[in-house]
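Participant: Generate coordinates for the entire structure from the input sequences, incorporating the hints supplied.
No gaps in the numbering here: position 31 of the sequence shown is 31 in our numbering, and each next residue is one more.
Just so you know, the hints here were simulated from the structure itself, not pulled from any lab data. Note that CB positions come from ideal geometry on N, CA and C, so glycine has one too. Some clues are possibly wrong.
Estimated spans, in silico, between C-beta atoms of each pair [stated by the list, open to error]:
no., residue 1, residue 2, range
1, A52, T117, 34 to 42 Å
2, E26, L153, 29 to 37 Å
3, T117, N10, 32 to 40 Å
4, P72, L153, 13 to 21 Å
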Amino acid sequence: MVVSGWLPLNILVLHGPNLNLLGLREPGIYGFTTLAEIDAMLAAEAGSLDLAVVCHQSNHEGELLDLIHAAPKNNQQGILINAGAYTHTSLALRDGLAGVGLPVVEVHLSNLYKRETFRHHSYIAPIAIGQISGFGAESYRLGLQALAHHLGLASPSSSA
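Facilitator: What follows is the structure, given as structure tokens:
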């Protein structure tokens, strides 16, 4: 629904390294859902929440950082991020996310805390409003709902 002069809130969705291989890479851990299917699911969910999403995937830390820095200029009001392996290694992404001052929800397909111990630490979690992991592709949908709720657009149970 578009009301004259009304624009939906715009959410930046970032997928980090190797997520372009979803559906092929270690399906026992990450499932068979492709990144294109996740992006389509997010677009549909965003529509039901009166949000717009812009999805990007990159294997390059600097490109992800440039997208984060541009988010306020691009009229994006929140960030949903699966930083992949950069979750555990990138102070630059953490500082960039903190620096733009937008609400951030961190998501992961697998449960990080049931995996190798080096995956138990997230540099992003301390500056995020929340972290959702372990629900496969559903983690993204739940993260988008949580971000919408934080922005005052939806109750946590507004969408089944």
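Participant: Which hint numbers does the structure go against, in order from smallest to largest?
Facilitator: none
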